[in-house]
Amino acid sequence: MSDCKKCQSLFLEAFYEEMNAEQKQFFKDHLLVCEKCKSKFEEMKSTLQFMGKRVRPEPGKIFWDLYEERLAQRIEKEEILQPERESGQKRFARTFTSVPKWAYQAAAALVLIVVGIFIGRMVFLPSAQELQQASQQPGLTTPQQPGTELVHRTQNYIERSKLILLALVNFDPATEDPYALDLPFQQQRLPTLNPRMISTPSSLLKKALITGGF
Amino acid sequence: MHSSNRGKKEMQPNEQILVDRFCGGDHSAFHELVGQYKKKIYFLAYDITGDHQEAEDISQEVFIKMFRSLKNFRRDSKMSSWLYQITVNASIDTLRKKSSKPKRSIDEFEQINIQEQLLGGTVQSLDPQRSAESSQIQNHISQALQKISPKERTVFVMRHYNDLKLNEIAEILNITVGTVKSLLFRAIKKLRKELSSYMGNPVLEVPNE
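Each protein sequence line maps, in turn, to chains C and Y.
With numbering that gives the first Met the number 0 as the guide, the letters of the first sequence map in order to residues 0 to 213.
With numbering that gives the first Met the number 0 as the guide, the letters of the second sequence map in order to residues 0 to 208.
Treat the hints as calculated values from the structure; they're not laboratory data.
Keep in mind that this is a model prediction, so the values were computed, not measured.
Even for Gly, the Cβ is constructed at its ideal location relative to N, Cα and C.
One or more of the hints may lead you astray.
In silico lysine to any residue, SDA-like type, Cα no more than 20 Å apart, as pairs [what the hints assert, rightly or not]:
#	chain 1	residue 1	chain 2	residue 2
1	Y	K37	C	Y66
2	C	K4	Y	T178
3	Y	K64	Y	N88
4	Y	K64	C	K23
5	C	K44	Y	K192
6	Y	K37	C	K4
7	Y	K39	C	L65
8	C	K27	C	V54
9	C	K23	Y	V176
10	Y	K39	Y	S80
Computed, partial: chain Y to chain C, Cβ under 10 Å [said to hold, decoys possible]:
#	residue
11	G34
12	Y45
13	S58
14	K96
15	S133
16	Q137
17	A143
18	L144
19	R158
20	H159
21	E170
22	L172
23	S195
All chains should be built: construct the whole structure from the sequences, respecting the hints.
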């Protein structure tokens with residue numbers, strides 16, 4: 000730390016006479032040789048001396064003579080009010096301390112269970128709208144009359160394999176090669192799967208055309 | 000030359016004995032402690048808030064707190080530091096609540112009081128010009144003090160008008176001596192700027208810590 004910085008850091012101690020002997024000597028010696036620090040110190044000193052002209056208004060003898068009497072009255076008033084405030088607080092606190100601990104734990108567990116059920120129903124159960132839509136899907140309705148069995152079976156089949164059937168229905172096995180259809184999985188499985196899969200929609204279609212189901 | 004209200008540090012009677020007596024049910028011990036500290040607490044509160052009524056309220060609050068907490072008072076700390084701490088906190092809280100309200104200047108009671116104290120006579124016997132000048136000085140100083148921040152003002156009045164040492168101030172406010180000095184330097188710089196035209200000197204830099 001430079002001497003000027005060190006000196007300026009001691010300005011307050013110097014003004015208020017809080018320096019030790021070593022600091023005093025250093026400060027005095029530095030101000031003798033440094034005009035800058037000296038003028039800064041004088042400025043600060045003049046400000047503090049001016050502020051020292053402030054006079055605190057003295058409230059007067061009567062104020063001080065009656066001070067403790069006013070204080071005693073206030074303490075008495077506070078002491079009167081304090082028990083009332085405390086009894087209200089104590090009563091409030093007592094309602095909680097009188098209930099056993101296990102009751103709070105059971106209540107907390109119950110709340111957790113209810114919240115868990117609520118969240119589960121919100122997240123995992125399908126909505127009423129979804130249920131209604133699902134129930135309206137043709138594949139799920141049961142045939143109401145024996146005569147509609149064919150239609151029902153056909154509708155089920157169509158729903159289950161719409162895309163494939165689209166190709167199959169439009170496919171004529173008499174003139175076309177079934178293996179031309181891109182059914183790699185079916186081709187890898189038992190050879191019977193492919194023919195049955197291919198023949199079923201054709202037979203259904205023929206029956207439907209005969210009975211006038213479509 | 001410091002404040003005209005600077006008194007010598009009085010030797011305090013054994014506070015331990017007074018506290019023990021109070022804990023034993025002797026409430027006269029409490030009154031003795033109030034007697035010892037009432038002026039110090041009142042004037043510190045007045046220096047910070049600048050208001051006589053607030054200063055009285057705050058000082059009474061401090062003693063009420065003391066009355067309630069004296070039995071639990073930690074014997075390893077100084078009574079004065081504890082009381083000053085409560086006073087400073089209560090004063091700064093009051094200032095915060097009052098910050099939206101316009102600050103009033105020295106009222107008539109204070110004006111008359113100051114003149115009489117400064118010039119050593121009743122108002123009727125004072126030279127009008129002298130009394131006007133002294134009132135002006137007090138007004139300027141009072142207004143300049145209100146212009147600095149509450150923290151700066153607190154540190155300044157504690158050192159300059161309440162004769163507390165830098166390390167005592169640090170202990171009461173729970174800050175370092177370096178911070179106390181920084182706040183003091185800032186306060187002095189601002190006060191000089193505020194009062195420069197009145198003091199008749201150009202504003203020059205005060206060293207910062």
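* To do: Provide an ascending list of the numbers of those earlier hints which the structure does not satisfy.
  => Violated hints: 4, 6, 8, 14, 21, 22; rest satisfied.
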